[in-house]
Amino acid sequence: MKGLKHYYRPDSVDEVLDLLARPDVPSALLGGGTSLIATAPDDLQSVIDLQAAGLDHLDEKDGRLTAGATARLQDLADFIGTPALLREACYFEAPNTIRNAATLGGLIASADPESELLAALLVYEARVVIQNRQGAVESALAEFLNEKSRLLQGAIITEVRLPTGGRAASARVARTPADRPIVAAAGRVSPQGELLIALCGAAKTPLLAGPEALDRLPYPADFRGSSEYRRAMAGVLIRRVRAELGA
Amino acid sequence: MDLELNINGNIHQIRCKPHESLMRVLRREGFISVRFGSDTGETGAAAILLDGRLVNSDILLAAQAEGHEITTVESLARGIDLHPIQKAFVATGAIQSGYSTPAMVLAAKALLDRNPNPSEAEIREAFSGILDRETGYVKPVQAVLQAAAVLRGEDPENYDPIILTPITLVDDDFFSGPGPEAEGGEPWGGEDGGGAVRVAAPPKFIVSSDVPETQVVGKPEIKVDALKLVKGNPAFVDDIEMRNMLYAKLLTSPHAHARILDIDDREALALPGVHAVIHYKNIPRVRYASGGQSYPNPKPYDQVSFDDKVRYVGDRVAAVAADSIEIAEQALAHIRVEYEVLPAVFDENEAIREGAPVIHDEPDMEGAHDASRNISHLIEAHVGDVETGFARADYVFEGQYRVHQVQQVPIEPHICIGYWDPDERLVLRTSTQVPFHVRRMVAPLLGLPVRRIRVIKPRIGGGFGAKQEMLIEDIVGHLVIATGRPVRLELTRQEEFVSSRTRHPQTITFKTGVDKDGVLVAQEMTVVGNTGPYATHGLTVQTVTGLRGLSSYNCPNKKFHCTVAYTNIPVPGAYRGYGGPQALFALENHMDDIANRLGMDVIAFRRANWVRVGDPLDIAPHLGEGESEVTEIPVIRSSGLEECVAQGMQSIGWSRRNDPDWKRVPGKPHLRRGIGFAMCMHGTAIPGLDMGGASIKINDDGSFNVLVGATDLGTGSDTALAQIAAEVLGVRLEDIIIYSSDTDMTPFDTGAYASSTTYISGTAVKLAAEQVRAQIQERAALMLEVENPGEIVLRDRCAHAPGGQFVTLERLALHSLHQDQQRQIMATASFVSPESPPPFGAQFAEVEVDVETGQVTVVRLVMAVDCGVAINPITASGQVEGGITQALGYGHCEEMAYDEEGRMVNAALGPYKIYRADEMPEMEVILVQTMEPSGPFGAKAVAEIPKDGVAPAMANAIFDATGVRIHQIPFTPERVWKALRENKG
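So the sequences go chain by chain: A and B. Residue numbers for the first sequence follow my numbering, so the first one is 1 and each next one is one higher. Residue numbers for the second sequence follow my numbering, so the first one is 248 and each next one is one higher.
Same shape as in the complex, but just chain B (with noise of 0.2 Å):
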């Protein structure tokens, strides 16, 4: 049908099939700020304004719109003169992946353009359409607040970070004291959930008297792809078209188990349109392993492209490519396959049982422990000896736990695009935390050469480890390879939820021996690990179950057991923490437990034993990842743990916790009100194996290109490595221009996991910039007529030489290139660091718990962190705003539920519910900086610690305000009630 279209002020001639969405149109018609993120209105991120209200394009026939004026964020700004809305989400640290900001910004105009002073409750119900994965909410309603601010024609306020006092340092019977003042918290909304309005909140954070003075690091600079994201600028995957693009769509399996008979593809390859379909029959059998990691990938090499074989619903059965996504699909409904359904298992502790249904029996399984019996991997380690510890033990303790299994729920889906170059070379352009691994895992599968691939990694929308994977690359590049022509395969948010990949499942049990005076003597955690039917990250999240588990306090006697089960559910894989959230459910659940037990106070029996400055991490050798043995024992260098606990104690009111009156809410005598703790430590980075590379170029202006492997899925580690390179090279962060990742331009890097990108790529720019440095040193001592090169200093876009004389870095780039001795100042650096400096963290929740329904309603979350020196304290507060977002979600209200047939029930956004802006529970987030001597500038990671504490700090508060200790998440309301009763009698 014909449609006159008004988009942003014109009027648009337009063609299009009565059924097509308007986000399908407008991304056609180049509107691109409009994303993806659901064909049914979820998400938000196709979010528009119509006749000024924002309503979903992607739930919009086109035909709707006909008639109404339609506004996209590509209208608000003129140029590089950004928008009041824009400059403030610039400002505020307000963008992440910046996949959704051009809705959240549209929201914002909506609101601004008929309310000029809104609230903050009023602020978040405006954002209640857009889920945002990666902000929790905090920096885009700041946004809103300073631009409505500029929009009155006042001046925004300050939003500088808030330096606080450290407690610990002034006060050493801090622990021993009566307790911090009650500060308290209220929901952002009040009582009532309206009209409050709070002041702006910058980061707040504890400086660290042994940190250098710094120019670029550690300042709260604005993010090097700010700009480009608030824009809507073309920048993700899908931001391209190719000429003759097909579109790839996925069979996957309705069955649990079966076993494929047969597949009858010809009446689909008979519809006009259709050009591949691929499935077992014509694709060679290549195993392999799937998750992203280094070579060799830890095996069982438990996949094939396509087996004969589907051993989850959602498994891939076949995929087609044809001119359309509607060919595709009707192509999909022609392919006739037979199976032969077998019986599945769910449950890791039936499926290890004698006679449960082998799930891998195919005579080419390699690699794992005990295929016929559904074990992938058999995990031991210990320290010392627990049988002999829990003998010597006053007192013994044990708790079973379990965790259960959610999505990381990036907005933007996997999605990939290959195309062969006019050299017949494969390229992926592909949405992806690991390039250079998709380009060496894709290889063999695809029977190409490594140097006949390129991936390119443009800007990600959020990846939370989902796409630490090679998990769609090869259906592509088989279909590139079958049809010629460029392929483009984009999951759908139901696919994303059941064919891509989730967080590990588990059963936890731990023991632990005390003595009299509380101090740890023994400690076992036993696991049952659910891996679902592929291993991929199956062995190493297990391992760092183990590690998290077992290392946050002293104890000479250790000992982890872990199986790790195969079973029919949708694959786990990577997930943010990695196996550390579940360990530290368990643990921090279980510590709280024996305090109490012991009639100890939950703090002070947790400082008596946690690990210290000095402390050896003595199981890590033992739970390693890699074939390189890790065997020197690591020594923790940095802690500000203590720091951390005292201002999460003091922002929380952690002394009403002894207050009865408090507990009971006037007026509503079924609510109970608790406050709970959890302790936190995570890694930097796998020891041994993770490495980053970069290189640094100069520019004939003075200004560097730095060209990483590293790859930045919206966390802000392009501006955080620019910070570094910027103050090596002494020039502000606009001269360094980064660019992150495409195997064919920029050096190796593992890429974007296990916390590593600030610390390892952070110290391989450092270290590229310093020989960079070097040779500008020696270059200005040429121009300036200096004898010793080292003298030269770097400051101010210039080189400054002992007596006063200086060349601005643009006239020593001009002579270095074009004048005399010529050359490019050029250098190239990697790392891999044999440490892996833990940051701490404490997490505290305040909830409320009906005891009559057993919702709980979490009213304040707090965490303090001690990231040694944040590079970036806004960008590494944002991490930590949207980490216990997500880590509320995981011990609230996320769960992949299913039917007995292992069909996922709630594969969609809602059903499966994450927090919306809102009805967020107030957070504080307060930076603790400590020095970390191995670290770039001091930094240590940020980006998986906010994922572990939430859950047990819920559990602790749950029991704190009712009695009652629960063992399972999420703390749904059924759950809780049960617990009550149960406990009740």
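Excised from the complex, chain A in its bound form (with noise of 0.2 Å):
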């Protein structure tokens, strides 16, 4: 981002958006910045800051919790209102000076596909608010992921809400303990009774997947995981993950 010429800092969601809707300057949000910054394009003239805006509250009330999108990661792994899957998912995201600073929001416009807490958010039924300047509108997490790009045109990400309850339980492989996983699937048995299982590594956004999608899912390879490796292990986690939750 060498070509960075304004930083701003505005305090209310509505300013936010009157900066990011000047069309003729390549503006971008800028949450914790621990992915923004080391990754953002030289040609990058403007970062909007949200540490003003007012969004990083965190409540939890009848079974409904509700984190602003610059509650940072390690805010939420501490609010006791978090579910102890999503918690749990918070730590395997990334080490204590990344939590400390990334944000829930930044991590949702990322759409990260090895994102445990993604997929953790996807089985909660997380749904994510999003403010334009004519208004806000509320999405499922799931239909974000597909059409961020479109969702995100002239508007940011404001809160993510989501039901607590429910059980939730997940598997993992991964080439150490503390490792970014190769494949991970979460589950959860929601309190009507609903199996939900998201799969992470296995699609280019993590993903809620029945069992008629696994077997058409594209399974992109890297050097740590083949295709047909990546396959066998949405497999196997995913029937760990049922027999956990007794699904």
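Simulated from the structure, these hints should not be mistaken for lab results. Ideal placement from N, C-alpha and C gives every residue a C-beta, glycine not left out. Keep in mind that a hint or two might mislead.
Anything over 10 Å on all C-beta distances counts as not near chain B; from chain A, calculated [to be verified]: (1) Lys61; (2) Thr66; (3) Thr176; (4) Pro218.
Covered stretches of chain A (chain B as the covering partner; in silico rule of three or more C-beta atoms under 8 Å from a C-beta of chain B) [claimed, not checked]: (5) 140-147; (6) 202-214.
No farther apart than 27 Å at their CA atoms in a straight line, the calculated lysine-lysine pairs in the DSS-like style are these [as the list claims (entries may be wrong)]: (7) B/Lys466 with B/Lys451; (8) B/Lys915 with B/Lys556; (9) B/Lys264 with A/Lys5; (10) B/Lys264 with A/Lys2; (11) B/Lys758 with B/Lys264; (12) B/Lys910 with B/Lys475; (13) B/Lys334 with B/Lys546; (14) B/Lys556 with B/Lys546; (15) B/Lys1225 with A/Lys204.
Each of the two chains sits in its own frame; use the hints to bring them together as a complex.
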């Protein structure tokens, strides 16, 4: 981001949206910066830092968790109302130096295919609140991950909402205990008895995977795992998650 | 933009560019304890506290930090009064190079500020973002436990070494008995990864009765450089700032193999702020070999500073010096390079086949075995006659093994600052293990005589062999000459991966003949080594592979045959272990295999064959380094191997191998447990070649300057050398001021490599100290009117005469320097050894294998090491802990991965996986003392042997767990999964 000319720190969502709306200035939203600063292109001219926009709230009431987009992963992990599976996923997501800065909204916008936290949010039926100058819309996380470039046109993520009920479990395969997963599975039985399974390492984003979809996933290969291996692991890990959930 | 930053409680008005990271701004403002390890948050070396939370300042814009409280280590100590956390880091030996110590101290502070009584798991979690390549995290964790106790107002636990009872001395039948009781291991965090607290774990060692009593040597003295490192004082290359300094950047090759048809630098030079662009068209073509080795460097001389051909992705194309890093980077994009892309070859076996692309086709290529076939060297050695041996053998076993490419990953990348001094001599302040080799090797490339070059090695943030190389100093020198201004070149983390040095991959075949009693009768080792496009250490690493592969076991007929191949991968060079880890992965995997096939106990089989005191190292004279042939066959004079094995068996709970119930995990039918062993043996310095020098002089107050060319790169060698001097001179460690190293100031030393410093440079220090002692005795005799100076004894900072009269060394120094028959008490000595006494070790690994996924979890590592007399048991055990952690990465998860065009796809930490604090297996290190007669105070080496055994011990543990033997590292999930599937048919 060597071409960066402007740093903004607006103190309201409206101001953020105003700054974002300027068509002539290539701008990026800055959460914690843990991903953006290392990877932003040199022609990026402006960053809009969200730290003062009032989006770092965490709240749990009546079995529903509401997390602001700039809540840091460590805050989410420490919050008493966060379900255990999500807490554990925060720790698998990144080491403490990153968790102390990275934001939930930034993670969601990244759609990181290896993110176990995204997989966990998927099985918790998380919904993403997206706001533009016309107002706010709510989208299921699964839908958001598929259509994020459209949904984020002139808009920002303000909040994530999810029900905290149900039973959850996860399983993973990785090179070392704290490594990012090659493949991971998260599962949850909702209070209504519905089984949800999500996978990472099986497609270009983490996704909810019904049994019928498993064979059709692309399982993109890299040096840590071939497609064949990833496909086999998806089966093994889902079986383990189901066994743990008794589902 | 203008910012107001609150740094350590003070408001700083700062002008910076919007894109600048907080790390860059803090360093510029003088907070140099914030260290560069990456620009991407990978290493944690730049971690600071922001409102009390640990964050990476390299991925935080300075602007983001406005309005927050920034804390760096500079705020912790008041003068020499250290913060309790800093004191604990010093006391527990938690500091090696100290490069990332400030970050770790801050991590500890953030933790203890909110949790005064943390568990070990919580401490490890607090370190999870800071990668440590040196300590294995063992002692930093201890430091936090100790600091927490002090901050709670408790007395810290005693950290004196624990003396263990020897086993083999009291139990002759240990190896024939039922085996030790299971002690067993559990991950430090317990089953659920949290909660467990372990008591402080000071170094453990076994004392040998034939070691003489000493005062300073053998004691857990505090590292002599600990204070400056724990405070984050300016100590490293980049911690000084030169007026008018220019910043250099490298243009590297995007192609694995290409001819450069033309370079056009006009656009780059036209950019304001660009001062020089250098490449093959404007730099003289002088051939050299870059490996930092003694004169004459082994051939071939297959490099030039800049060539018109590139031979790997990451190879040098051009370099730029400009007013800022940004301008230099911009200039790189304006250098027009016309390439003719050539076919490339990456595998060592393919490279030497007929028809492979020829990597060195230049007409001035000299000294390769056969450049037209990509063979840089052919190495042959033998003892006896293997063919006769195989014919006589009752059984012949063969196994082929493949070892891969890994990188050293020093957290401080290569960095060099060069400038003209007032006498117009070129000064190179550089992060190197070999300052004297650098001076001699860079001179002809720059067209300067050696006398016009001065190389300064300040503190080094780890090297592990990557810095046993003249790697970037020529570029900096060329740019200083071209611009007349100071020039700084620092490799990025990505460049450190692809444009630095790595470990040699090899294909190794062992063929072994055994008689019916399990005694070796013939052993043949065939190696194809991959030296990438430049040979640098290609000859000697492969030679050491042969030496290490054929030295551990007695055998009347041995043969080594090795082809060293040129390929188009990033350049292998020196890496801690130097061919040994490759050889021992194959050998110890193979020996385990043979024992199992013979139906013999894996330790009994090895024990029937391994070398003992009095045995000759008969292959050694045929696999030496340098030109002076060592013709005498060395003989082993000390070995604690049997005790090491016995201690290790007891610690790991070896007998559990025989318990089928233990091998299954209740409730987890997909898991299998196993324990593996590997015998380790290394060398101590290169015999007949490695030389170290030391000068010692007395000061007015009876203190001594010790000047050594030896290169402490974080290992603690300065401390060990100072302890040796203090012991001989009868003073305390604090009376020794040791300095290393500066080619203008200190005597010659070959440098820090080949596990040589304690033994070679240590003996030089001992010899110099003995000469100084003789001069002191003479002076004392004069002052005390004693006839025979030889009767004077130095102890407690005094010279004592037999009659009870004494003089303090301070009085003596003043007398000698100022009062009567004045002279400077001073001496210089050097040392080269005809032998290389081997340290021995026993490595054990306990693993859990998930047979459905192939995931291997290392539960516990135990290593017992005989390094002779450990001059300092804390630093010695720290060497072992750090070494086996690197070795764990080698066996388990580290690998350089490439796409089809030879581009490394994981040149970042994370994708390139090194172990973090919060996922380490439990580790135990036991030092088994022996008295090595040729070493200073009985010392042998300790630095490299920890690299040898983990991978084979893991292979053998996986076999124990699953019955499947894997011949290739690393043991990543898919590789293990495939091996398990293939073997299940």
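Results of checking the hints against the structure:
1. Lys61: holds (26 Å)
2. Thr66: Holds, since 23 Å exceeds 10 Å.
3. Thr176: Non-interface label on A/Thr176 violated, nearest chain B Cβ at 5 Å vs cutoff 10 Å.
4. Pro218: It holds; A/Pro218 is separated from chain B by about 17 Å at its closest Cβ, greater than 10 Å.
5. 140-147: Our answer is that it is violated, as 0 residues pass the Cβ test (under 8 Å) against chain B, missing three.
6. 202-214: It is violated: at least three residues are needed, and the segment 202-214 of chain A offers just 0 whose Cβ sits closer than 8 Å to chain B.
7. B/Lys466 with B/Lys451: holds (13 Å)
8. B/Lys915 with B/Lys556: violated (56 Å)
9. B/Lys264 with A/Lys5: Distance ~8 Å between B/Lys264 and A/Lys5 Cα, so the pair holds.
10. B/Lys264 with A/Lys2: Distance of about 9 Å is within 27 Å: holds.
11. B/Lys758 with B/Lys264: violated (63 Å)
12. B/Lys910 with B/Lys475: Distance of about 49 Å is beyond 27 Å: violated.
13. B/Lys334 with B/Lys546: violated (49 Å)
14. B/Lys556 with B/Lys546: holds (20 Å)
15. B/Lys1225 with A/Lys204: Given pair B/Lys1225, A/Lys204 holds - Cα atoms ~25 Å apart, limit 27 Å.
Hint compliance for this structure: hints 3, 5, 6, 8, 11, 12 and 13 are broken, all remaining hints hold.
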